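If you want the building blocks of each chain, they are given just below.
Protein chains: 2
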Amino acid sequence: MAKGVKRILVLGAGRSSSTLIRNLIRFSVEEGYSVRVGDLDLALAQSKMEGFESAIASQGSAAFKLDAGDAAQRKSEISAADVLVSMLPASMHALVMADAIEAGCHAITPSYVSDEMAALGDAAQAKGVMLINELGLDPGIDHMSAMAAIDQIRDEGGQMQSFESYTGGLVARESDDNPWHYKFTWNPRNVVLAGQGGSATYLKNGGVELLPPHRLFKEVTRVEVPGEGYFEGYANRDSLGYADIYGLNAVDTLVRGTLRGVGFCAGWDAIFQLGMNRDDARLRWPADMTWRQFTAAFVPGCGPNSSAEDVAAGVERLTGADAETMGRLHWLGLFGEDPINFNFGSPAEVLQQLLEQKWALAPSDIDLIVMWHRFRYVDASGQNCTLRSWLTLRGEDYLHTGMSKTVGLPLALAARHIARGDWNFSGLVMPTERRVYEPLLAALALEGVAFSEDGGA
Amino acid sequence: MAKGVKRILVLGAGRSSSTLIRNLIRFSVEEGYSVRVGDLDLALAQSKMEGFESAIASQGSAAFKLDAGDAAQRKSEISAADVLVSMLPASMHALVMADAIEAGCHAITPSYVSDEMAALGDAAQAKGVMLINELGLDPGIDHMSAMAAIDQIRDEGGQMQSFESYTGGLVARESDDNPWHYKFTWNPRNVVLAGQGGSATYLKNGGVELLPPHRLFKEVTRVEVPGEGYFEGYANRDSLGYADIYGLNAVDTLVRGTLRGVGFCAGWDAIFQLGMNRDDARLRWPADMTWRQFTAAFVPGCGPNSSAEDVAAGVERLTGADAETMGRLHWLGLFGEDPINFNFGSPAEVLQQLLEQKWALAPSDIDLIVMWHRFRYVDASGQNCTLRSWLTLRGEDYLHTGMSKTVGLPLALAARHIARGDWNFSGLVMPTERRVYEPLLAALALEGVAFSEDGGA
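Here the protein sequences come in this chain order: A and B. Under numbering that gives the first Met the number 0, think of the first position of the first sequence as 0, with each following residue one higher. Under numbering that gives the first Met the number 0, think of the first position of the second sequence as 0, with each following residue one higher.
One or more of the hints may lead you astray.
[Stated by the list, open to error] Anything over 10 Å on all C-beta distances counts as not near chain B; from chain A, calculated:
| id | residue |
| --- | --- |
| 1 | A125 |
| 2 | D154 |
| 3 | T257 |
| 4 | D309 |
| 5 | E336 |
| 6 | G447 |
| 7 | D453 |
[Claimed, not checked] Covered by chain A, per the in silico footprint, the following chain B stretches (three or more residues, Cβ under 8 Å):
| id | stretch |
| --- | --- |
| 8 | 190 to 201 |
| 9 | 206 to 215 |
| 10 | 281 to 292 |
| 11 | 296 to 305 |
[Unchecked claim] Selected chain A positions facing chain B (in silico; Cβ < 7 Å):
| id | residue |
| --- | --- |
| 12 | G206 |
| 13 | P299 |
| 14 | S363 |
For the record, the hints were derived by calculation from the structure and aren't laboratory data. Since this is a predicted model, take the numbers as computed values, not measurements. Think of the CB as a built atom: it goes at the ideal place given N, C-alpha and C, for glycine as much as any other residue.
The shape of chain A in the complex, shown without the other chains:
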């Protein structure tokens, strides 16, 4: 690949692309590449490039209206690019990657490697094209920071015994004004459906464990993050698969999970026990239904005419909720007389409408990303050791949230590495590989995305 000015193509300019696009344009003059940003919403793509007019003009960068379903447009854009960053929905990545291979264009995404994607590895190899996936926050920074620590422990002759890792997209203390300690910086629907994808499986003290969805928010691990205080973690779906991914086949504990503020899980467990987050039945609700009446639908023995007190007492009895948890449900307005105005849909859809109001990130709010790892190992001298490693990162503002920075920066930095010709890999490449994580973690640290470490609990 020895064309003149390198061309980086970004497909998708949504919430997670803000910092990615800004970083790419900011360094485009110095490093000598152009950036094209395509989105179905042209104005959105243009807005993400604002403030860099002279850089844009000097490099011939531009926004354009993208119809991702239009194969001709997609192929024409991709064949004119040297590096593609796909921020399209995950289901489109294999399609776009196939175009990239055909065009001889390197491609990176923040999404998990699907089976379809994995099948493209050989073709990419043959064409000298590199495909890098799982290069956002989680998956992404988690892979890189974990493997850096694990490789170092091994390099020094240590034997891994245990790996625990939790990540959360949360709200910074200064913007935390609700008893759930949570606001949306991510797809609200995914948050409402959290845990419903299936049982969690992990390894603890030498035995495989399975936790069914309805117990996920009951079995919570307290996690201390120095400087930020305590959080609670609940287990993600498949931790066992990470034994192969990280080469941890002799450990006796292996758990990955999601972090939330203290008390969130007890509150969400109450909702989970009631079934208010279910998405498996779409119901016709009465036109004038109130939130109290909606809640009553999950409390056998209560009905549309039950009082708020009776419904609340039923919830307390069914879920075992304590006073603080009941306070969180009251704060949401679940026993109140506000009308719902939602005539047909699943409980999850109805609840999401409420949560989008209550947990909205205000324009002045600052979000907080927290990632926390704990490695236990026996060192070369036979000593039991603990290494704790954590990242906390605040957003700058409503546009450049912590989420947008931690998802976008690994992608931007990788795209620039490729444009500069620093990497000449081909085929499917993973961020767990030292040749990827070493330069990227160093570059992330310069952008303020840096881990702290100690030997603590």
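Given chain A's structure and the hints, the job is docking chain B onto it.
Relative to the frame of chain A, chain B by itself:
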């Protein structure tokens, strides 16, 4: 359709076909039709026809080896028949029905009308072919007995207020020698996965209610069946759809469910809470694992080395199981040292292996079918009334179980009605229609499948 001797074709000679096939052959001479029975297992099909050699010979009836995936064989058999009874897996019915329409052959099945099946209605109508589905026990006898009562209440000027209905395939008291009061007369896998298909939705006291899967076995209704004592019912998935099916759009209570012996639901709830019935994660289990170690995998804090006492204490704490429930789990051997010999699979698959031993129907065992309806209505004089209606039916033996009789007899009787030319319907026909249920309920009563009624609780 005015051929000579009518020809009835049965596809599938499994467990539920025994009584169907016997009834068809038994009346074949008197009513003048032949019967062909096809199954992948020719010996099985032949065994189901034993004892009627002269009837078989006189009518030219026969068993044959069927490869249901062989379209040429299927089409050739179907085009030579006047009435088809399909006992194939439900997923094959639409395919077989399409063949039947093409051949001008009437067709009946015990399965729910799928969307694919519904789409065949017009073509069947145009060809003068009748397709009758949902003609077994549940669905089947439930539809017919419920609609007979509802239509009678309406004919007499009554207004339906409430409909509750529960059905179970159980074991007769004289063969009930385990603390779960249950043995398999039905697909064990479906029993192990019970309730995991999704939330139950129903109407109670004027309000819609939703019960998530993990609470299904906690919210149990006690049902008294005169002569058989008490049972417990848990709600089936979608009761709300029956408002349209039975024309019950003004009732304030509408629940359908499954019956089990008293105590079963508390026991199954403990298993459900633990997640031991989950089918959403396939795990690699240690080669020498015991049942105690398997159970420990569902008890956070316990591991492969925990004692039986510790694992049992953990189960008690997590599930709130009382002494009787713990006794049921102990009876299954879940805390014992027997080896599992199951290296890879979901918890549901491991557990099914155990239950197939523990809940096996012995050759000398007698099963019991129980169906129970309760109708509440206001009669023409404005009086609040209750009608309770129930069916209990014991199997004859291991072959002609209550399950085989109640699934097979409605189909056999309908096939004979059609062969005799008593019905000249076309298109999709439902057992909820009076023209279907009236003659079939009368014929079922002659076979000993008869409902009792009272005005009781």
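Classify the hint on A/S363 as holds or violated, based on whether any CB of chain B lies nearer than 7 Å to its CB. violated, 37 Å
A/G447 remote from chain B - nearest C-beta pair above 10 Å: holds, 37 Å
A/D309 remote from chain B - nearest C-beta pair above 10 Å: For A/D309, whose nearest Cβ neighbour in chain B is about 13 Å away, the distance exceeds 10 Å, so it holds.
Given as covered by chain A, does the stretch 206 to 215 of chain B meet the bar of three residues or more with CB within less than 8 Å? holds (count 9)
Distal placement of A/E336 relative to chain B, Cβ over 10 Å: It holds; A/E336 is separated from chain B by about 16 Å at its closest Cβ, greater than 10 Å.
Consistency of the no-contact label for A/T257, given chain B and a CB cut of 10 Å: holds, 17 Å
Three residues minimum, CB to CB under 8 Å: does the stretch 296 to 305 of chain B make the cut for coverage by chain A? Let me know. holds (count 7)
Please check whether the stretch 281 to 292 of chain B has three or more residues whose CB lies within less than 8 Å of a CB on chain A. With 4 residues close enough to chain A, the hint holds.
Evaluation of the interface hint that places A/P299 against chain B, nearest CB under 7 Å: Interface hint status for A/P299: holds (5 Å vs cutoff 7 Å).
Hey, does the A/G206 contact hint survive, CB to chain B under 7 Å? holds, 4 Å
Would you check whether the claim that A/A125 is not at the interface survives, using Cβ distances to chain B and the 10 Å cut-off? A/A125 clear of chain B: closest Cβ-Cβ about 34 Å, beyond 10 Å.
Hey, is A/D453 genuinely clear of chain B, shortest beta carbon separation above 10 Å? Non-interface label stands for A/D453: nearest chain B Cβ at 27 Å, farther than 10 Å.
Consistency with the previously given hints fails for number 14 only.
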